[in-house]
Structures are given as structure tokens and as C-alpha cells.
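Modelling step: build the complete structure from the supplied sequences, incorporating the hints.
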Amino acid sequence: MMTRSQLKKFITEVVLLFILGAAIVIAGYFISQNNAEKRVQSEYHTRFDSVLDSYSYKKVKSKALEDFPEIDGVYIGYSATGIAEGYVIDLTVKSLSEQDLSMLVALDYESTRVVGLTLNPGNGENDYTISDSEMELIRETVIGRQIPIAFETEDSSEDDDASDKVAITGLHDGVYYAQRLFDDRNKYIDYVEMEVSNGVITKVKWDAFSTDKTNQDRSEASLRGAYEISGLDWATQSYNLCHALLECQNPDNLAMKSNGTTDIVDGVTCDIRPFVELAKECINNAKAGYDKDDYMNGINAMLTSLYDKNSEDLGYTNSDGHIVFSFEKTPEIYTIYNDDEVAVGVLEVRQIEAKIRGASDPSLSLPDAQDNGDASGNDISSGEYDYSEDGLTSGGDADEQIFTDSLDDLPMSEMASFIEPAPDCYEQTRTVVKACNTCYKFLKEYMNWKV
Amino acid sequence: MSNSSGKLAPYIHTEKSAPYIYMTYLAALVPCCVCSIFYYGLRAALLILFCMVTFVLADRFCGRLSGRRVTGDYFDISSLVSGMLIALMLPPDTTLLTALAAVVFASLITKQVFGGAGSNILNSACAGRLFVELAWPTNLQGFSYREANSRLALKSLIFQQEPFKLPDISQFSLAELVAGNYPGMIGTTCLICIVAGGIFLILKGSMRLYSPVSYVLTIVTLYPVATLIADKTFTYDGMIVYLLSSGAMFVAVFLLGDLTTMPSRFASGVFAGVVCGLLTLITKTFLSPVVSLLAPVLAVNFLSFVLDFFSKTLSRRKIRSREVDVS
Chain A
119 MMTRSQLKKF ITEVVLLFIL GAAIVIAGYF ISQNNAEKRV QSEYHTRFDS
169 VLDSYSYKKV KSKALEDFPE IDGVYIGYSA TGIAEGYVID LTVKSLSEQD
219 LSMLVALDYE STRVVGLTLN PGNGENDYTI SDSEMELIRE TVIGRQIPIA
269 FETEDSSEDD DASDKVAITG LHDGVYYAQR LFDDRNKYID YVEMEVSNGV
319 ITKVKWDAFS TDKTNQDRSE ASLRGAYEIS GLDWATQSYN LCHALLECQN
369 PDNLAMKSNG TTDIVDGVTC DIRPFVELAK ECINNAKAGY DKDDYMNGIN
419 AMLTSLYDKN SEDLGYTNSD GHIVFSFEKT PEIYTIYNDD EVAVGVLEVR
469 QIEAKIRGAS DPSLSLPDAQ DNGDASGNDI SSGEYDYSED GLTSGGDADE
519 QIFTDSLDDL PMSEMASFIE PAPDCYEQTR TVVKACNTCY KFLKEYMNWK
569 V
Chain B
3 MSNSSGKLAP YIHTEKSAPY IYMTYLAALV PCCVCSIFYY GLRAALLILF
53 CMVTFVLADR FCGRLSGRRV TGDYFDISSL VSGMLIALML PPDTTLLTAL
103 AAVVFASLIT KQVFGGAGSN ILNSACAGRL FVELAWPTNL QGFSYREANS
153 RLALKSLIFQ QEPFKLPDIS QFSLAELVAG NYPGMIGTTC LICIVAGGIF
203 LILKGSMRLY SPVSYVLTIV TLYPVATLIA DKTFTYDGMI VYLLSSGAMF
253 VAVFLLGDLT TMPSRFASGV FAGVVCGLLT LITKTFLSPV VSLLAPVLAV
303 NFLSFVLDFF SKTLSRRKIR SREVDVS
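So the protein sequences, as listed, match chains A and B.
Under my numbering, the first residue of the first sequence carries the number 119, and numbering increases by one thereafter.
Under my numbering, the first residue of the second sequence carries the number 3, and numbering increases by one thereafter.
Simulated from the structure, these hints should not be mistaken for laboratory data.
Here a beta-carbon is modelled for each residue, glycine too, at the ideal position from N, C-alpha and C.
Treat the hints with care, as some may be off.
Stated by the list, open to error - List time: in silico BS3-like cross-link candidates among lysine-lysine, alpha-carbon distance up to 27 Å:
#1 Lys177(A) / Lys212(A)
#2 Lys331(A) / Lys305(A)
#3 Lys176(A) / Lys157(B)
#4 Lys552(A) / Lys167(B)
#5 Lys126(A) / Lys18(B)
#6 Lys176(A) / Lys167(B)
#7 Lys157(B) / Lys181(A)
#8 Lys176(A) / Lys562(A)
#9 Lys18(B) / Lys314(B)
#10 Lys157(B) / Lys179(A)
#11 Lys206(B) / Lys126(A)
#12 Lys167(B) / Lys179(A)
#13 Lys321(A) / Lys559(A)
#14 Lys179(A) / Lys562(A)
#15 Lys167(B) / Lys181(A)
#16 Lys176(A) / Lys156(A)
#17 Lys127(A) / Lys18(B)
#18 Lys167(B) / Lys177(A)
#19 Lys323(A) / Lys410(A)
#20 Lys405(A) / Lys473(A)
#21 Lys167(B) / Lys559(A)
#22 Lys212(A) / Lys167(B)
What the hints assert, rightly or not - Taking CB as the label site, the calculated pair distances span:
#23 Ile242(B) / Ala202(A): 32 to 42 Å
#24 Thr235(B) / Ser123(A): 55 to 65 Å
#25 Asp190(A) / Lys314(B): 57 to 67 Å
#26 Lys179(A) / Phe268(B): 52 to 62 Å
#27 Glu164(B) / Lys405(A): 52 to 62 Å
#28 Asp542(A) / Pro169(B): 34 to 44 Å
#29 Leu136(B) / Asp542(A): 46 to 56 Å
#30 Pro187(A) / Phe268(B): 55 to 65 Å
#31 Tyr544(A) / Ile242(B): 50 to 60 Å
Below you can see the structure in the form of C-alpha cells.
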């Protein structure tokens, strides 16, 4: 056996070798890591450039992927400045004939519209093949459409192109904003901020700041457990609702019921009335080109008319630039009364400012209380049924608007786009649509994980 | 000569005893262990420990069954070395059950059957690893890497994971290959760690260079011919990638440098290294990479006694002992 001195020497050598090994491995790792990152990005570019040409890509690690065995990988493409541009989803779906179709689907990050489709090289006997010409036809049909997608013939509502018909036209590009003029019972003032690009709503944020400046915003408070509601936390519900509006582009399509809830946005159980009303106000502002700065000036005009001072002077502007003031004690400034002095609606800030300044601009003109009861276009006094407030989408008869069918385990009411299959390629288009809808299902679940 | 002390001959007075040699082997493998734990975390550490402990237990159990001495002043460190070698040649997502199968086969069939430590003609770690590769090839495809790899993951030690599709190693840079920053068997990827271990063994006189050097030189020399015949193309990059990523360097240093199972004489050692390299190049075209790497080692293990015999007989030089050179 070894002597004590030999053992000592041996232990010293082992320790030295351990230190040497650790130094080699750690140094080697950091030296080679840059190369590894470059190589991986190069691989990603080779694979993904045809569907989403981004500066860099990052693979998504999410437990949500465990529920989607058909998805081989999800990647987020980033611009050179680090802004997320879109998703690339690598997946394999079964065709109607139970064959495997492996493909890449690229989606826009904000609007989840399909921006690229390409087939992966087949690697088995059971591959479903789509020719280049067929794929080109399918691309023409599917690219630019928002997911989830259904065929027009599969829509029981007989609405030929719902996604196009529901979109609001006439929006000016810019950032628009609307906030409630009074706080709720928890001392929160809701606000919605909306960005419009190329006439399309591309960003929506719904949150609320507290009139008690020591409190956090509602989303932050909900994530920290200080603001609790039934179901998912408020921040998640807010996110889902904003995402739903991005998909449908029209607050009316959120199918708000008379009790202020909706059934068509997964995970949203809270009262969405403040959101819908503020989103509509934002849209009206977008139509009038009345952007966020104008809106803030409008509120300042209201404050000045009441107190001869603006929000800065009164100390009502918080660090985020929001004007933290509740007009609940001066309801006459925003309330619409009929001839019998009964409140029938509320004015928007743009209209209040016009009233204060006495502008003659038609876009800033006051609504007629008889015609526009709630100042958002819905006729309250006429008694006409408001479809947008009974869990149904607007337009058409109520009977025709009840969606009972489903596609790829998604209710038809959730479909954002309706397309015609590419000519003579029904099964091929259907399989690609299935892949797109699988991407949608994953993103829905992934968003919940992430928020 | 009378046996006055009551002990049996031979009376060898050298510090390079069997435990010493095996302990230097253990020490030489430390950098490779560090590399495996750095890249694969907790499960690599547990896999190494598990293989070492189970190898010792299996050897002791067999020793008891066969009535051989298993206690006393001699502790068989070769079990620890073999256990560690097996673990380092396994993919990171290998289950403990598969590792156990490799250990039991190595201990029982290739070591104890031949008489235990020092009597085995085959490298037991090599045989154990080859056995599981041939018996359960799909269980040894768990090469999780980058995003799929987690240093804290332990699930793969119990549950068999889906085979991980290995990326094309030729796409990896030289720095990654040298540093071991690529998917592979847990302890065979880092060239610098392997070379550091090899240098340590040489400095300690626990390794003969004949076979490892001739093995590597054979591969380097004949790789172009082999690939030209098999694939009709040859690139130097491909040869470097093969040499660095196939595990050939690990085999050269830790399996072909073994004093027990490899020929002891210069000529036979060189011959064994050349044959091993040749067989590796020939078989790599139609066998799986691991089989083509390890099967030739066992083949030359079988040959080593014969080679030594012929080398000794045919040599005109003075017959030298098979013991380790103490100079």
C-alpha cells in the first residue's frame, strides 16, 4: 500500500489536476462560446432566413412545449437593436391522410400574422409531399393572414371574410391614449394606450394607475399578489385581452356581454367594460388623428377650466407621465344629459376639449345626446339591439352569429382569418392551416406561461 | 533463495505498485471528470460516482462468491478506475440502469471471470461500454446539448429520454472541439483535458507510449486513404474533426496506454497500436462510431499476449521484464 507521504503527494496532485482541469474547461468554454454562438446563429440563418429574416434568433424554452409534441422548436427572431420581430415555429403535423408534414411557420411578433412558410426536407417514408408550385399557391393564400385560420366554407356564420370585414378603417398612424376620468372603488384609473401602424392596431396596453401615488400600477400589484381577482391574475387577463384585440382589430368583436364579461377570450373573466370603452375612445381618437399628446393637453385643458392650473402645477403628473386625477366630483364636465337632465352617456376627452375651446372642427364636435347616447357610436336611446354586448360578434343576425363549430380544436369564434383553399390543393392547404393553428394553440399557452 | 520472510516471490521494490498506477490513472482522469461535470452538471457527477461505487461493489461481491481475497491491506483501485472510465464514455443522458448493465458486464464477464484485478486480458471498461452499445444502442443516444441540456437535470438518470438528434459536428469550430464544447460522451470531448491526463500519466511512468502514439499516427496517416475509398472525398478538416470528436484521443490515452491489457514491449506495442488504428478506420465506414472505436481495442487486447510472446521470442535483444520501467 501507499505510505502516508505518498498519499499526501497523491492528494496534492489530484487537487492540482482538479484546478488545472477546471481552469482548462472554463477558459475553453468562454473562448469557444463566441464561436458556438456564431455557429448556432449561422445555422439558424440558414434555416430561417427564407421565412423570417432577422438579425438573430433565440430558441424558446417553455414548459408549454411539453403539451405540443408536434412542435420541434420555437424561435424568436430579433432585430439588430434587440426588438422581437417574429416567431419561427418548426413543427410536424399530420395531413388528412395521416402523413407527416414538417415545416417552418413564421409569424409576426405583434400581430401573429403569417409572414413565412417553408417545408422542411423530408426524413421518412411517411412524408406528406407538397410540390413547389402548390406551396407557392398556399403561400399566396396564407401569408399575411392572422392565425388561427379557417376555410370560409367551414365557418357556420356564413361570413365570407370576417377578418377583413371587422377591421376598422380610417385609422391614422400614431400612438393614441385614453383614460377613465374617474377612479374605481379600488382607487385605480384605467387607461389604454394603442399604437396604429399602416392603419392597423399593432400595440395595445391596458393598465391602471392608482390615485394613491404610493400604490403600484394594477398589473404590477396583481403580479405581486396585492391585487387579486378570480381566475388568472389581472396582468395576464389584461395581456390576453390586448392580444385578442390585436387579433380582431375591433373592440366590438370581443363580444362583451351585458355584465361586462366575455366568453371568447380564453382566461379572461374580469370586467372588460373599461377596456372596451377606452379602446373605442382610442379608435375614435385614431380616426380623428387626436394622439396621446393631444389627449394629455385635453385633460390639462379640463383641469385648467376647473382650477386655472394644469396638471404639472397641481402636481397630478406621475413619474410615468400619467395625469393622476379623478373628475368624479365634477361629473358635469364629462356627462351627457338629455332634455330631462338625465345622464345618458359620457363625453370623450377630445369632445370635452372641443367643448371647452369651442372648436368648430367636426371631428371635435359634441355628439347629439339623442343620436349618440354613449358617444361611441352605439345607439342607446333607439332600442336597437347591441350585438357586441351579448357574447356575439357585431353585424348580422344574432342567430347566424352563434358559433358552434370548431376547427383543429379551436372554436370557430376564435378564428381570426377565413381563407379559400388554394386552387386544387384542398388537402395541402388544410394541412398547412392545421400547422398554423397548432402554432396559435401553442402561442396561446406560451403567453400564459410567460406573463 | 530461501523464503525467510514467509512471503512469496517475486520481491519487487518499486514505488510503482498496482495501487500507485491505478491512483495515478484516477488522478489523470480528474480533468475529464471536471469537464463532464462542467458541461453536464449534476447528472454527470452522479453517473461517475454511481459507476465507480457499483464497480467496487460488483468486484467485492464477485470476490466473495469466488472466495478470493477482498479485504485486508489491498484495496482494488482498478475497480474505481474502470467505473470512472465507463462513466466517462457514456452519453450524458444515460440511465443508471444502462450504466449498471455496463458495470456488471465489465466486472463479472471481463474481469472476475479471468481472475480479478491484473488478470483480465480485456480492458473491462472498454468491454462494458461496448456491451451496452451493442445490447441497447437506442439507450445510448441521449446527447442533450445547449438549450436541451440543463446542469441540474436528473430525470434522464432514471427515465429513458428521447434520442437526441446530434448536430453535424463538422460545423463546430476548432476552439469548440478542442475545448469540448460540443455534444458527445461526457468525458471524451475535451482534448486539452485528455492530453493533460496523458502527460500526467507519462510523467508518473504509468503509461506506455508505444501503442497510443502508433495508434494516432496510423489514424492520421491512413485516414485520407480510408475516406477516399469510402466516401471518395477527403478534407483535412474532416480528419481533424474525426480525431477530436470521435473519442479516439481518449481511447489512445486511457485505453491503449493501459499497462495490464496492452503489449508491454516496444515492437508489439507499436504493432498493436497500428492494428487498432487500422481496424478503427476500416470499421468506421460500416459500424457505429462507438463500436468502431472500442471493438478494435478489445481485438488488440486479445492479441497482446501473443504479440508479446512473438516479440520476445523473435527479438535478439536481451529479454526484459514485463514490469514497469522504474528508471
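Hints, verified against the model:
1. Among the hinted pairs, Lys177(A) with Lys212(A) is consistent with the structure: their alpha-carbon atoms are about 24 Å apart, no more than 27 Å.
2. Between Lys331(A) and Lys305(A) the CA atoms are separated by roughly 10 Å; this keeps the pair inside 27 Å, and the hint holds.
3. Straight-line distance between C-alpha atoms of Lys176(A) and Lys157(B) comes to about 25 Å, which keeps the hinted pair within the 27 Å bound.
4. Distance hint between Lys552(A) and Lys167(B) is fulfilled; the C-alpha atoms sit about 25 Å from each other, no more than 27 Å.
5. Distance check on the hinted pair: Lys126(A) and Lys18(B) sit about 16 Å apart at the alpha-carbon level, within 27 Å; holds.
6. Proposed proximity of Lys176(A) and Lys167(B) is supported: the alpha carbons are some 19 Å apart, at most 27 Å.
7. For a cut-off of 27 Å, the pair hint linking Lys157(B) to Lys181(A) stands: about 15 Å separates their Cα positions.
8. Proximity of Lys176(A) to Lys562(A) is assessed by CA-CA distance (about 19 Å); at most 27 Å being required, the pair is judged to hold.
9. For a cut-off of 27 Å, the pair hint linking Lys18(B) to Lys314(B) stands: about 23 Å separates their Cα positions.
10. A hinted pair counts as satisfied when its Cα atoms are at most 27 Å apart, and Lys157(B) with Lys179(A) qualifies at roughly 17 Å.
11. Our distance criterion of 27 Å between C-alpha atoms is met by Lys206(B) and Lys126(A), whose separation comes to about 15 Å.
12. Distance check on the hinted pair: Lys167(B) and Lys179(A) sit about 17 Å apart at the alpha-carbon level, within 27 Å; holds.
13. Distance check on the hinted pair: Lys321(A) and Lys559(A) sit about 21 Å apart at the alpha-carbon level, within 27 Å; holds.
14. Note on Lys179(A) and Lys562(A): the hinted pairing holds, with a Cα-Cα distance of about 15 Å set against a maximum of 27 Å.
15. Under the criterion of a C-alpha separation no larger than 27 Å, the hint pairing Lys167(B) with Lys181(A) is consistent with the structure, at around 20 Å.
16. Proximity of Lys176(A) to Lys156(A) is assessed by CA-CA distance (about 12 Å); at most 27 Å being required, the pair is judged to hold.
17. A hinted pair counts as satisfied when its Cα atoms are at most 27 Å apart, and Lys127(A) with Lys18(B) qualifies at roughly 14 Å.
18. As the CA atoms of Lys167(B) and Lys177(A) are separated by approximately 16 Å, the hinted pair is consistent with the 27 Å bound.
19. Simply put, Lys323(A) and Lys410(A) have alpha-carbon atoms about 13 Å apart, close enough for the 27 Å limit, and the pair holds.
20. Our distance criterion of 27 Å between C-alpha atoms is met by Lys405(A) and Lys473(A), whose separation comes to about 19 Å.
21. This hinted pair checks out: Lys167(B) and Lys559(A) have alpha carbons roughly 26 Å apart, not beyond 27 Å.
22. Note on Lys212(A) and Lys167(B): the hinted pairing holds, with a Cα-Cα distance of about 21 Å set against a maximum of 27 Å.
23. The hint said 32 to 42 Å for the Cβ distance between Ile242(B) and Ala202(A), and at roughly 38 Å that hint holds.
24. Under the hint 55 to 65 Å, the C-beta atoms of Thr235(B) and Ser123(A), about 57 Å apart, fit the expected range.
25. A hinted range of 57 to 67 Å for the beta carbons of Asp190(A) and Lys314(B) is consistent with their spacing of about 59 Å.
26. A beta carbon spacing of about 54 Å between Lys179(A) and Phe268(B) agrees with the range 52 to 62 Å that was offered as a hint.
27. For the hinted restraint 52 to 62 Å between Glu164(B) and Lys405(A), the CB-CB distance of approximately 53 Å keeps it satisfied.
28. The supplied range of 34 to 44 Å is met by Asp542(A) and Pro169(B), whose beta-carbon atoms lie about 39 Å from each other.
29. Under the hint 46 to 56 Å, the C-beta atoms of Leu136(B) and Asp542(A), about 51 Å apart, fit the expected range.
30. Against the hinted window of 55 to 65 Å, the Cβ-Cβ separation of Pro187(A) and Phe268(B) comes to about 57 Å, which satisfies the hint.
31. In this structure the hint that Tyr544(A) and Ile242(B) lie 50 to 60 Å apart at CB holds, the actual value being about 52 Å.
Against the hints set out earlier in the document, no violation occurs for any number.
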